[in-house]
Amino acid sequence: GCPGHSGALCATQVEGINWDALAVDCSDLSSYNLFKNPADALGGVNEGGQGYDLTTPLFSDYAAKDRHLFIPPGKQAIYNPTTTFELPLGTVIAKTFWFPANIKQPNGLRMVVETRLLVHREDGWQGLVYLWDKGKATLKRGGAEVRTGWIDSTGALKSNLYRVPNLAQCTGCHAGGEPIGIKAGYLNRNGVGETAGENQLTRFANAGILSELPSDGIPRYAAYNDPSSGTINERARAYLDINCAHCHSYTGKASTSALFLNIEHPEDINFGICKPPIAAGRGAGGTLFDIFPGKPEKSILVDRLNSTKAAIKMPEVAKGLVHTEGVEVIREWIKQMPGTCKE
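Here the sequence shown is numbered in our numbering, starting from 1 and rising by one per residue.
Rather than coming from a laboratory, the hints here were simulated on the basis of the structure. By construction, the Cβ of each residue, glycine as well, lies at the ideal position given by its N, Cα and C atoms. Just to be clear, a hint being listed does not mean it is correct.
Keeping only pairs whose Cα atoms sit at most 27 Å apart, straight-line, the calculated DSS-like set for lysine-lysine is [claimed, not checked]:
(1) Lys295 x Lys313
(2) Lys140 x Lys65
(3) Lys136 x Lys309
(4) Lys65 x Lys104
(5) Lys134 x Lys65
(6) Lys313 x Lys335
(7) Lys319 x Lys95
(8) Lys158 x Lys136
(9) Lys104 x Lys134
(10) Lys75 x Lys65
(11) Lys140 x Lys253
(12) Lys75 x Lys104
(13) Lys36 x Lys158
(14) Lys319 x Lys335
(15) Lys75 x Lys134
(16) Lys134 x Lys158
(17) Lys134 x Lys95
(18) Lys309 x Lys253
(19) Lys95 x Lys342
(20) Lys140 x Lys36
Pairwise CB distance ranges, derived in the manner of DEER restraints [claimed, not checked]:
(21) Asn190 x Asn102: 23 to 29 Å
(22) Lys309 x Gly43: 24 to 30 Å
(23) Val317 x Ala258: 19 to 25 Å
Throw the hints in and build the complete structure from the sequences for me.
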């Protein structure tokens, strides 16, 4: 639409969610009226939105995230056991990134940094990034860096230059703009907060926004940090899938590396076992194989996850800190892996 048309849509006052305005890029997040309180993305959403969490989430420099799925009235997502659900035109996925001042007190003082939207439009999925400042969230196309600080679980003061992505970086991970976390295996868990104790997929179906949900046989991906949720193998596979497979898959940006880390990929050479790197450059760090069974210290995968240097670190985007807890799971998994490589 022309700018005048966009401006008019964004300025329209409506009861509830402004579905029409979501067809255009509004400069103020509040124009879409997604949240009950336009100045507070953590205070609940207007009717039509459902909160959700994932069994294993993407690591984003220790940011906490509030996720919401908005399906337009009268429309439904279609269940799929393995791939991203088919989401109707007009669907919005909102993810708000925030930091508690103290990790052990998530309901205490909070710093809200950004809200990202993925909007399903006629011409495909569009990513939009809104930066929060004093209760107002403004469209930021070029990315930003925000100084964040918090007290971690050990009581130590942590600080980081948090990177807000530019719009080009959105499509680097979301190939074709596709959502990543809206899959059965990640969503098959109980909700949190107001929806604690109720399975999220059941709630979506009961709310009328999800069709074809079977009564059983729904996959569940393990929580990487919860040993009761699965074996070390299942937990490591879920972690690599959510953190790496949007690039390291047949359709992803890193397909030329021939390293495929999606959860359904067999554990063979293309999964990294005894695989010499093709395109790692400096990232190989003198180690010979992506995954060396039994030897995490000789596995390139561990080196990359354990680095914040630009030429070495993985993931490449939106990472300024090492995810110590995640790396520990991957180390333990490789340590317990049977077999060896010929050096």
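Okay, the hints, checked on the actual structure:
1. Lys295 x Lys313: holds, 20 Å
2. Lys140 x Lys65: Status holds; Cα separation ~19 Å.
3. Lys136 x Lys309: violated, 33 Å
4. Lys65 x Lys104: Holds, at roughly 15 Å.
5. Lys134 x Lys65: Holds, at roughly 19 Å.
6. Lys313 x Lys335: holds, 21 Å
7. Lys319 x Lys95: Within the cut-off at roughly 17 Å; holds.
8. Lys158 x Lys136: Between Lys158 and Lys136 the Cα gap is close to 26 Å, so the pair holds against 27 Å.
9. Lys104 x Lys134: Holds, because 24 Å separates the two Cα atoms, which is no more than 27 Å.
10. Lys75 x Lys65: holds, 26 Å
11. Lys140 x Lys253: holds, 24 Å
12. Lys75 x Lys104: violated, 39 Å
13. Lys36 x Lys158: The given pair, whose Cα atoms are some 32 Å apart, is violated under the 27 Å limit.
14. Lys319 x Lys335: holds, 25 Å
15. Lys75 x Lys134: violated, 35 Å
16. Lys134 x Lys158: Satisfied, since the Cα-Cα distance of roughly 23 Å is no more than 27 Å.
17. Lys134 x Lys95: Satisfied, since the Cα-Cα distance of roughly 18 Å is no more than 27 Å.
18. Lys309 x Lys253: The given pair, whose Cα atoms are some 20 Å apart, holds under the 27 Å limit.
19. Lys95 x Lys342: Since the Cα atoms of Lys95 and Lys342 sit roughly 45 Å apart, the hinted pair is violated (cutoff 27 Å).
20. Lys140 x Lys36: Status holds; Cα separation ~22 Å.
21. Asn190 x Asn102: 23 to 29 Å: Holds - the Cβ-Cβ distance for Asn190 and Asn102, about 25 Å, lies within 23 to 29 Å.
22. Lys309 x Gly43: 24 to 30 Å: With a Cβ separation near 39 Å, Lys309 and Gly43 fall outside 24 to 30 Å, so the hint is violated.
23. Val317 x Ala258: 19 to 25 Å: Given about 21 Å between the Cβ atoms, the range holds.
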